[in-house]
Amino acid sequence: MPTHTPSFPDLLFDDAAKLRRWEALLMAHLGGAGYRELHPSLVMRNPVNPSTVRFFDGDQLVALRWDFTEALARTLVRRFQEPPPRLSYAGPVFRRPANSWDPVERIEVGCENIQVDPDERAEADRELARLLMAVPALLGLEGCLLHIGHAALLRRPMEAEGIPAELGLEVARVLDRRAIHRAAELLQDHPAKARLLAHAEILLSGPDGPGSLVALASGPYGGLLEAEAEQLTRVLSVLSAQLPEGLTLRLDMGDLRGLGFYTGPTLRLWAPGAQRELAAGGRYDGLYPEMGRPWHAAGFCVRLTTLLELSETKEGGK
Amino acid sequence: MKPLLIALPKGRLEEELLPRLQGTAFELDARALKSRKLRIPMADPLLAAILLKGADLPRYVAGGVAALGIVGSDILDECPVDLMELSDLNFGVCRLSLCGPDSTSLEELKAKPHLRIATKFLEATGRWLRQEGITAELVPLQSSVELAPVLGLADAIVDLVQSGKTLQAHHLVEFTQLGKASARLVACRGMFLSEPDRIGPLAKALTGLLQTPG
Numbered sequence: 018m019p020t021h022t023p024s025f026p027d028l029l030f031d032d033a034a035k036l037r038r039w040e041a042l043l044m045a046h047l048g049g050a051g052y053r054e055l056h057p058s059l060v061m062r063n064p065v066n067p068s069t070v071r072f073f074d075g076d077q078l079v080a081l082r083w084d085f086t087e088a089l090a091r092t093l094v095r096r097f098q099e100p101p102p103r104l105s106y107a108g109p110v111f112r113r114p115a116n117s118w119d120p121v122e123r124i125e126v127g128c129e130n131i132q133v134d135p136d137e138r139a140e141a142d143r144e145l146a147r148l149l150m151a152v153p154a155l156l157g158l159e160g161c162l163l164h165i166g167h168a169a170l171l172r173r174p175m176e177a178e179g180i181p182a183e184l185g186l187e188v189a190r191v192l193d194r195r196a197i198h199r200a201a202e203l204l205q206d207h208p209a210k211a212r213l214l215a216h217a218e219i220l221l222s223g224p225d226g227p228g229s230l231v232a233l234a235s236g237p238y239g240g241l242l243e244a245e246a247e248q249l250t251r252v253l254s255v256l257s258a259q260l261p262e263g264l265t266l267r268l269d270m271g272d273l274r275g276l277g278f279y280t281g282p283t284l285r286l287w288a289p290g291a292q293r294e295l296a297a298g299g300r301y302d303g304l305y306p307e308m309g310r311p312w313h314a315a316g317f318c319v320r321l322t323t324l325l326e327l328s329e330t331k332e333g334g335k
Numbered sequence: 032m033k034p035l036l037i038a039l040p041k042g043r044l045e046e047e048l049l050p051r052l053q054g055t056a057f058e059l060d061a062r063a064l065k066s067r068k069l070r071i072p073m074a075d076p077l078l079a080a081i082l083l084k085g086a087d088l089p090r091y092v093a094g095g096v097a098a099l100g101i102v103g104s105d106i107l108d109e110c111p112v113d114l115m116e117l118s119d120l121n122f123g124v125c126r127l128s129l130c131g132p133d134s135t136s137l138e139e140l141k142a143k144p145h146l147r148i149a150t151k152f153l154e155a156t157g158r159w160l161r162q163e164g165i166t167a168e169l170v171p172l173q174s175s176v177e178l179a180p181v182l183g184l185a186d187a188i189v190d191l192v193q194s195g196k197t198l199q200a201h202h203l204v205e206f207t208q209l210g211k212a213s214a215r216l217v218a219c220r221g222m223f224l225s226e227p228d229r230i231g232p233l234a235k236a237l238t239g240l241l242q243t244p245g
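Protein sequence lines, in the order shown, are assigned to chains A and B. Each residue of the first sequence is one higher than the last, beginning at 18 in this note's numbering. Each residue of the second sequence is one higher than the last, beginning at 32 in this note's numbering.
If you're looking for bench data, these hints aren't it; they were derived computationally from the structure. Glycine included, every Cβ here is placed at the ideal spot set by N, Cα and C. There could be a bad hint or two in this list.
[To be verified] Computed list of lysine-lysine pairs in DSSO-like fashion (alpha-carbon distance at most 27 Å, straight line):
| # | chain 1 | residue 1 | chain 2 | residue 2 |
| --- | --- | --- | --- | --- |
| 1 | B | Lys235 | A | Lys210 |
| 2 | B | Lys211 | B | Lys151 |
| 3 | B | Lys84 | B | Lys65 |
| 4 | B | Lys151 | B | Lys196 |
| 5 | A | Lys210 | B | Lys211 |
| 6 | B | Lys196 | B | Lys211 |
[Said to hold, decoys possible] Which bits of chain A does chain B cover? Going by a derived footprint, with three or more residues having C-beta under 8 Å, they are:
| # | segment |
| --- | --- |
| 7 | 39-47 |
| 8 | 116-125 |
| 9 | 290-300 |
The shape of chain B in the complex, shown without the other chains (with noise of 0.2 Å):
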C-alpha cells in the first residue's frame, strides 16, 4: 500500500507543529527534513509527508493529492476550495486586524476620502469593509505588509497579528480585529467520505495530539 500523504505548512506554523509530532506515529524522518526530499517519510512507514507554503496546501488536499492536511484559517478563508475542516486544533493562534500608523486614529482612516489598505487577506479585508460600509482601494501584496504604510503606498494594513512586536518596530497599532486565525486540520472530502476508516482515525489522532496544548 503506497504511504498516505499528509501536507503540512512551512513557516510560522511549521516552528510551532514540528516539535508536537516528535516521539509520535506522525513524526518526520529528521534526515529527510535536512535534505532537499520533498516528500518526508513519518515514523509510521504508512504515513508521509509534504511540506508545503500555506497558501497551496488547501489545492494538494482538496485535490485529493494528500489525504489530510495542517492550515491557517487564514488561508482557508482567502481560497475557495472544496475541504472538510475538522478540527481547530487551537494553535498558531493569532489575531487579522486593521492596522496604521500610530499617529492616526480609525475615525481618521474611515474619514479619508480615498482609503488605501495594503493585505494579502483581500477576501477578509473585502468582507469587513462591506459590513462597515467603508470604500477603499486594496493594495494586494504578498509579504512584508507593515512596510506599505511606512513607504506611503497604502493608509493601513490587513494583517495578521501575534505578539505585535513587528508593529511596534515600524510604529504601527492595532485598530480592530476583524478575525482570529488559527490551525485548522483539513481532509480530502472524497477520500474522507469514501475512505472512511482509514482517513477517520488518523484524523483523530492528529486532533488529539494537536489539541493537546505543547
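Okay, chain A solo, but in the shape it has when bound (with noise of 0.2 Å):
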C-alpha cells in the first residue's frame, strides 16, 4: 500500500480539541475589538495560481480556498459599497507549500482592517500590531519574536532603478532566502547593480532593531525610503511602549517574502523551535484597487497548523 506525507492531516482528539480552543481564544480576541467574522465559500472560481488544489465542477475548474484574504476581498467588492471595516475569519486553507512534505491543508484564524480614507492607515496598522502582540500569551507561548518590516524598503528602490517587474520578484525571491550572491548574478550588468546590491546588504545586514535604520538612513537610497525610515521608527517606538513581557520586537529589513503583495508594514511572529512563522501578515494596499475599489487594506493570519506542529515538539521533547 503507498503512503503518502499527510498534505491533509486527520486531526485526532487531542489536537481537534487543541484546535478548537486556539481558534475559540482568538476569534474571541478579535471579536472583542470589533472584528466581525465572515465566513466565505471553501470554493473558490478562476484559480489562475498553480499552487491551488483544482478540480472540475461540471464544465468549470474551481479551487479549494486557497487564501482567506483573496476569498474575504472576493465577497466584499460583490456585496458591499462600503467596506465592513474589521473582518474575523477561522477555517482551511488548501495551497501546495514550499516544502513537499508540508501539509496543503492549513488550518488559520485571522483579521482583515480595510480603511477608506487612506489617513487611517497608519492607526490600523498599529492596531493590528497590537491585536497580534497580545495572541502569543493568549496562546501560552513564550520566548515569541515579532519581527516587523516593510515591503517598500526594497519594492520602491527597485521601481525607481526601471527593475522589469518579473526581475524583480525574482531579485526579492532570492534576497528572503538571504542569497544576496544570486541577486548579483540576476541583476548581472544592470547600472544600478551595485546600488542595489549595496541596499540589500543594509536590508539583510540583520534584525538588530533601531541600529539598521540609521544604516538605511545612510544608504543609497536612504532620501528615497524617508518615509518608510519614519513610519517605522514611529511603529516601533509606539509598539515598543506597549510591548506585553517576554515578547521580543524586532525590525527585520530583510523579510521580504510577498513582495508581489504587501505594499507596507509586515509583521511576522516566531516561537523559538517553530520551522514556520506562527502567524504573518500586512499592508497590502493593492488588492482592492485591482478588484475596482479604491480601499485600502491590512491583516494578518494566525497559523493554527504550525502551532500544532510546535506543540507536538515539545511534547515530543520532554
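Assemble the dimeric complex from its two separately framed chains, guided by the hints.
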C-alpha cells in the first residue's frame, strides 16, 4: 500500500480539542476588538494560481479556498458598496507549500482591517500589531519574536531603478532566502547593480532594531525611503512601549516574502523551535484597487497548523 | 543544551571542506569520523556534525534537524525546499556544462530530430532547453553520466565539470556552460529567524572561515 506525506492531515482527539480551544480564544480576542466574522465559501472560482487544489465542478474549473484574504476581498467587492472596517475569519486554506512534505491543508484564524480614508492606515497598522502582540500570551507561548518589516524598502528602490517587475520579484525571492550572491547574478550588467546590492546588504544585515534604520538612512536610497524609515521608527517606538512581557520586537528589513502582494509594513510572529512563522501579515494596498475598489487594507493570520506542529515538537521533546 | 547540528556534505565537497575546519571550533572529532558514528562531535562541545549525501542535505536543514548546512548550489537548484542560502563559500567551484562526443558539435546536436540528454540535473537542463527553445528527451541518471553518450544511451550529457579530465578520458568535450556551481552555506529558515542570536553568529563564523582561500 502506498504511503503519503500527510498533505491533508486528520486531527485526532487531543489535536482537535487544542485547535477548537485556540480558535475560540483567538476569535474572542478579535471579536472583543470589534472584528466580525465573515465566512467565505470553501470553493473559489477562477483559480489562476497553479499552487491551488483545483477540480472540475461540472465544466467549470474551481479550487478549494487557497487564501482567506483574497476570498474575503472577492466577497466584499461583490456584496458591499462601503466595506465593513473590521473582519475576522477562521477555517482551512488549501495551497501547495514550498516544501513538498508540508501540509496542503492549513487551518488559520485571522483578521482584516479595511480603510476607505488613506489617513486611517497608520492607526490601522498599529491596531493590528497590538492585536498580534497579544496572541502569544493568549496561546501560552513564551519567548516569541515579532518581526516588523516593510515591503516598500526593496520595492521602491527597484521601481526607481526601472527594474522590470518580473526580475524584481525574482530578486526579492532570492533576497528572501538571504542569497545576496544570487541577486548579484540576476542583476548582472544592470547599471544600478552596485547600488541595489549595497542596499540589499543593509536590508539583510540582520534584525537588530533601530540601529539598522541609521544604516538605511546613510545608504544609497536613504532619501527615497525617508518616509518608510520614519514610519518604521514611529511604529517601533509606539509598539515597544506597549510590548507584553516575554515578547521581543525586532525590526527585520530583510523580510521580503510576499513582495508582490504586500505594499507597506509587514508582521511575522516567530516562536523558538517553530519551522514556520506562527502568524504573518501586513499592509496590502494593491488588492482592492485591482478589483475596482479604492480601499486600503491590512491584516494578519495566525497559522494554527504551525502551532499544532510546534506543540507536538515540544511534547515530543519532553 | 543539546549540541546544535551542522549538516556537512559527503563526497566532492567533503574533501575540500574538512581540512579547512581543522584547528577551528568546527573541527570534527577524528576518531568519530573514522568510526561508523553518524553524529560527529565538533571541537566546540555545543556543536556536532552529520555527514550526508548532498541530495539529502537540504531536507535535513529545511526540516530543522540541522540548523546549518553546506551544500553545492547544483543540488539546491534541483530541489525546491524553503531554505536560507546565506553565502556563496566560493569553494568546490565547477561548471554545469552540456557535453558531448568530440566527433560532434552543438549545432549538430541542436539539429537532431530526437535529441537525448542524460543528466542528474533535470531542473537546470529543462530551464536551459526552454531558454534555447530546444526540444529534447531527458534521460535521468544518478552517476557515471559520461558513460551515456559513449554507450549510446544519450547523445549528450549535462554534468558538473571541474578539471575536464573525466570528459577527456571519455572523448567528450564541453559545448556550452549552463551555469556555475559552488558550495553554499544554508540555514533552516525557522531556526535562523526565530533564534537569530544563536544561529547568526555561527553562520558568520563559518562564512568567514570558509570564504577565506584555503
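Here is how each hint holds up against the structure:
1. B/Lys235 x A/Lys210: Given that 27 Å is the threshold and the Cα spacing comes to 24 Å, the pair holds.
2. B/Lys211 x B/Lys151: 15 Å, holds
3. B/Lys84 x B/Lys65: 17 Å, holds
4. B/Lys151 x B/Lys196: Within the cut-off at roughly 19 Å; holds.
5. A/Lys210 x B/Lys211: 20 Å, holds
6. B/Lys196 x B/Lys211: Judged against 27 Å, a Cα distance of about 18 Å means the pair holds.
7. 39-47: Check failed, 0 qualifying residues.
8. 116-125: holds (count 3)
9. 290-300: holds (count 5)
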